[in-house]
Amino acid sequence: MISLSESSEPRLKIRARKDGYVPEPERTDLAVRVRDLHVTYKTTFEKRPTLKQALVRFGRGVRATQTVEALKGVSFDVKNGTTLGVIGSNGAGKSTLLRVLAGIIPPSEGNVETWGRASTMLALGVGFNAALTGRENILLGGLAAGLTKKQVLDRTQQIADWAEEGSDRFIDRPMRTYSSGQNARVGFSVGVHMDPDILMVDEALSTGDAGFRERAAHKLEELRAQARAMLFVSHGLNSVRELCNDCIWLDHGRLVMRGHPDEVTAAYLEFLHVKETGMNAEEY
Amino acid sequence: MVPVTSDPSSTSEAGATPQVRYFHYAPHHNGLPPMGTYLKELWQRRDFAYELSRANMRADNSATVFGTIWLVLNPILMAGVYFLLVNILTSRGRSNPEYFVHLTTSLFVFTLITTCANTGTTSVTTAGKLILNTAFPRLLIPLAAVITAVMRFLPTLVVTLILLIVTPSTHWSPTMLLAVVFVLLMVLLGTGIASFFATCQVYFRDTVNFLPYFIRIWLYLSPVLWVPNDIAGNALQPIAQIVNPAYSLLTGYTSLLLHGTIPGPTVWLTAAVWSIAVFLLGTLFFIWRERDFAVRIF
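Here the protein sequences line up with chains V and A, keeping their order.
Using my numbering, you'd call the opening residue of the first sequence number 1 and step up by one each time.
Using my numbering, you'd call the opening residue of the second sequence number 1 and step up by one each time.
Worth double-checking, as some hints may not be accurate.
Pairwise CB distance ranges, derived in the manner of DEER restraints [as the list claims (entries may be wrong)]:
id, chain 1, residue 1, chain 2, residue 2, range
1, V, 251, A, 277, 45 to 51 Å
2, A, 206, V, 222, 46 to 52 Å
3, A, 37, V, 251, 30 to 36 Å
4, A, 77, V, 154, 40 to 46 Å
5, A, 37, V, 271, 37 to 43 Å
6, A, 158, V, 153, 28 to 34 Å
7, A, 37, V, 153, 23 to 29 Å
8, V, 55, A, 232, 37 to 43 Å
9, V, 38, A, 37, 20 to 26 Å
10, A, 203, V, 22, 35 to 41 Å
11, V, 56, A, 80, 40 to 46 Å
12, V, 179, A, 242, 54 to 60 Å
13, A, 96, V, 151, 54 to 60 Å
Hint data in this document are derived by calculation from the structure and do not stem from the laboratory.
C-beta atoms are modelled at their ideal positions from N, C-alpha and C, and glycine is treated no differently.
Working from the sequences, and respecting the hints, build out all of it.
Here's what the structure looks like:
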């Protein structure tokens, strides 16, 4: 069963669900609460699944889908004002966790509550139609995220200016002409200008030139003060230690350790059997 | 995905930001998200569907020289091709000049449905990053395809009007305006079809390859190249009328617009039942599967 022992505040509105979980929309101390979160999904081996392939397979009696257990019973809270580092090897479930918090992937089991809108600033950046310009993609992304047209248009210039600072203007060019660095700039700029209550940063600092990285780090520092909470996914353990005041380590969909970033990163490095040097601390 | 509860109502002392939105995400036990919240979010983001459609149309048009003119030219050329074909096979066009008006009008409005199917099918699979990175009711994506189809239909409606004006035998009457009802029903049908095929395309990426054959057969089975009177008295006529949703929709539309006669209750009923049923089944199927999309598209 789900433990609710940590909720000491008086509840104003109790609506227990069928699974016995009690959502607490009135709480003010937490930004995120994750309880016994499981994410299981079926996906396919094939790069391009087709009906033709499915029929051929059906004839042979082979199945092409596999079940992925991305998260297996993760529980944690994020208090207001926390910057939570999320570390773990590739495929540990870090990005899935962020997607669940953003409401992109629903939980298969368990409950997730967020007090505030979580940003969806993920590794893939913005822009889905490469034939459209950066500006059009920003407008569409903003509208999809639930902003009004006026709100997005007000912000578009800000986003463009921030993304283009220190480089040539590229925002009105089709996105297929963008370099990966330009993509990262736009993605980061969109994420930080959408005023999310809960800021989620997924490897956003790893691309881009030195100037951009420095500005991005400054911007994050600035936003950390404004946002209710921040979740920072990174393989750069030094950045995690510098930015975060709390840290979780995921491995194969399970929460292995939670604690101070120094302790957790040290344990993680020990687990990986690698000596901590200046170089590799930026790479895991 | 849509949260189980999302209260815009704030908690009074909620830290730095006074207006804090609360979200609760939980498994959907019956397979469908809570429809109230879903529809509310859908309505709030209607600008997105409109802008997505506009942006996609801009991107498409930039690739062709004719641009917007092509939207009108394409169905006219198609009508010309079919007119020629029918005239080679039969002598129908020579003996009956109104036939060309029937052919063009029906083809234009049938194109509305097929554009929904064509643009709708690939709409979700081409929206990859948006689906991976943003939470919103996915139904907006096929809806944008339907908006595109309607926008492309409007210029052809002007051509239809011109054809009606130049045809001397047109019976002008206010009942012609009732044809709008059939257009709306076709939009509903198109939305259902677009949502259904968009979902299929996520699982089977060759759906779009089968689609032209399906549409072509459907076209031949519908009263576009032929008129309902051609099969009157045939034993298959009642079956065609019931089984093919396009039969009643096209019959109702053309009889109102070209002949100014109000179709019988069977036509209204079959058209309405088919359109609403396909709309509901298609969109519900889409919403039922849409939470899978983020893990199926890469």
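Status of each hint after checking the structure:
| no. | hint | result |
| --- | --- | --- |
| 1 | V:251 x A:277: 45 to 51 Å | holds, 49 Å |
| 2 | A:206 x V:222: 46 to 52 Å | holds, 49 Å |
| 3 | A:37 x V:251: 30 to 36 Å | holds, 34 Å |
| 4 | A:77 x V:154: 40 to 46 Å | holds, 44 Å |
| 5 | A:37 x V:271: 37 to 43 Å | holds, 41 Å |
| 6 | A:158 x V:153: 28 to 34 Å | holds, 31 Å |
| 7 | A:37 x V:153: 23 to 29 Å | holds, 27 Å |
| 8 | V:55 x A:232: 37 to 43 Å | holds, 40 Å |
| 9 | V:38 x A:37: 20 to 26 Å | holds, 22 Å |
| 10 | A:203 x V:22: 35 to 41 Å | holds, 37 Å |
| 11 | V:56 x A:80: 40 to 46 Å | holds, 41 Å |
| 12 | V:179 x A:242: 54 to 60 Å | holds, 58 Å |
| 13 | A:96 x V:151: 54 to 60 Å | holds, 57 Å |
The structure fails none of the hints (numbered hints given earlier).
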